[in-house]
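2 protein chains.
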Amino acid sequence: MQTTPGTTDSASPDSAAYAPTDRTIPTRSADRASYDRATVHAILDEAYVCHLGFVRDGAPVVLPTLYGRVGERLYVHGSTGSRPLRMARGTSEERDPGLEVCLTVTHVDGLVLARSAFHHSINYRSVVIHGTAHQVTDPEEKRLALDALVDHVVPGRSADSRPADTKELAATAVLSLDLNEVSAKARTGGPNDDPEDMGLPHWAGVVPLRKGHEALIPSEDLAPDIKVPDYLLEL
Amino acid sequence: MQTTPGTTDSASPDSAAYAPTDRTIPTRSADRASYDRATVHAILDEAYVCHLGFVRDGAPVVLPTLYGRVGERLYVHGSTGSRPLRMARGTSEERDPGLEVCLTVTHVDGLVLARSAFHHSINYRSVVIHGTAHQVTDPEEKRLALDALVDHVVPGRSADSRPADTKELAATAVLSLDLNEVSAKARTGGPNDDPEDMGLPHWAGVVPLRKGHEALIPSEDLAPDIKVPDYLLEL
Chain A
1 MQTTPGTTDS ASPDSAAYAP TDRTIPTRSA DRASYDRATV HAILDEAYVC HLGFVRDGAP
61 VVLPTLYGRV GERLYVHGST GSRPLRMARG TSEERDPGLE VCLTVTHVDG LVLARSAFHH
121 SINYRSVVIH GTAHQVTDPE EKRLALDALV DHVVPGRSAD SRPADTKELA ATAVLSLDLN
181 EVSAKARTGG PNDDPEDMGL PHWAGVVPLR KGHEALIPSE DLAPDIKVPD YLLEL
Chain B
1 MQTTPGTTDS ASPDSAAYAP TDRTIPTRSA DRASYDRATV HAILDEAYVC HLGFVRDGAP
61 VVLPTLYGRV GERLYVHGST GSRPLRMARG TSEERDPGLE VCLTVTHVDG LVLARSAFHH
121 SINYRSVVIH GTAHQVTDPE EKRLALDALV DHVVPGRSAD SRPADTKELA ATAVLSLDLN
181 EVSAKARTGG PNDDPEDMGL PHWAGVVPLR KGHEALIPSE DLAPDIKVPD YLLEL
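Sequence lines, in order, name chains A and B. Each step along the first sequence adds one to the number in this note's numbering, with nothing skipped, and position 211 is 211. Each step along the second sequence adds one to the number in this note's numbering, with nothing skipped, and position 218 is 218.
Same shape as in the complex, but just chain A (with noise of 0.2 Å):
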């Protein structure tokens, strides 16, 4: 049960893009997609969390998670209790249904101000699957993808940590989602006016959101001879 991430349907994973399907062919602003396999993998990589989007009682729910990602396989975690997690378990009439999701990914790189209030705008890079999300069941793919999840916050960091034990493993669900119907898309750049606006008195351009970040906080009970790992020094 799906436990070779990179088996796709509608794209080789060996291949540079992703198969536009009618529910990844943007209505609006279509210059601006991309199914490129490496933009949409730096996108996912780049950020925290992402939004999982889902179905219940046929209303949407959309909820921040964190992620990991292996190849052609997304991961989220969650308590065996949380609601997408039992859904997508399936009762037991009705064993491992999955559960319908869109799991969107979104980086604000900037504000854009143009003359005209009708071209504000951001600058953007996002990136949305629509797939079904499974339970992992294997152990082995746990492990892995638990340290997936760990490696995501901070490349590097999962080796640098206890392992989940038994206890924990058990009370950890995880869900799997393979990349197969993926859209990045993004905006750059400066305001695009009106040729007629260009001359108005308003200030116009791009104000580039921050990245990184600050000094490092240390725990209160951080025993004083534990130094900083390189992996935090290169974050």
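Hints in this document: simulated from the structure, not taken from any laboratory. One should not assume that every hint holds.
Since copy identity is lost for identical chains, a pair holds within one copy or between any two.
Within a straight-line C-alpha distance of at most 25 Å, the following computed SDA-like cross-link-like pairs (lysine to any residue) qualify [stated by the list, open to error]: (1) LYS142 / THR166; (2) LYS227 / SER121; (3) LYS167 / GLY81; (4) LYS167 / THR27.
Once you've looked at the hints, dock chain B against the given chain A.
Frame of chain A, contents of chain B only:
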């Protein structure tokens, strides 16, 4: 039709808190939930994009989009041809059916590194809103909404740009969503390692993420006599 921002069903806008519902009481970490109106407004006002979820052909769709707030009402906008806008408008047989949505806003404030992999987390603040979005048909409310959208990107900006003209207004559709069924959730502080892990030799603490913006980038074609306005210096 919904032309009075602030009219809510489940709680008076004058009350300090939103009334919890089945959908806004979390199954997990209920101690992190809040229904405080000022807390919710502050989280909404600080973010640049929301993630708007809706159901299309039975499947979830989650799209990042700009938004604005006026009192107890949120506005999102888009092309009159965009899918969620068309869906909210309905057909000639079914006028103004609205579109059931879940609108989520998330700030990632810091990365939480624990001694144990299991307790890795992020510090975040999020707001989740459930409700039915309706198309704004009143011209006056539509203008107010578009001003709110621009001022959400940069407070004070709508007064310093050319307002939308008739053609631009006609090409833009606006959805409103009242703040009725709303919850906030937040995690703050350091890692919550188990007592037996405190002696492990792993660095533990928080990596605070940077906020704010880098130096402004004026448009290449900006007239040299146009100075940076005060509201941008205060950003």
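Taking the hints in turn, this is what the structure says about them:
1. In the homo-oligomer, the alpha carbons of LYS142 and THR166 lie at most 25 Å apart inside one protomer (12 Å), although the nearest pairing across protomers, at 56 Å, exceeds that limit.
2. When the C-alpha separation of LYS227 and SER121 is checked against a cutoff of 25 Å, the pair qualifies only between copies, where the shortest distance is 21 Å, while the shortest distance within a copy is 43 Å.
3. Taking the shortest alpha-carbon separations for LYS167 and GLY81, only the intra-copy value of 15 Å comes in at or below 25 Å, while the best inter-copy value is 51 Å.
4. In this assembly of identical chains, LYS167 and THR27 lie within 25 Å of each other by CA distance solely across copies; the values are 20 Å between and 47 Å within a copy.
Checked against the numbered hints above, the structure violates none of them.
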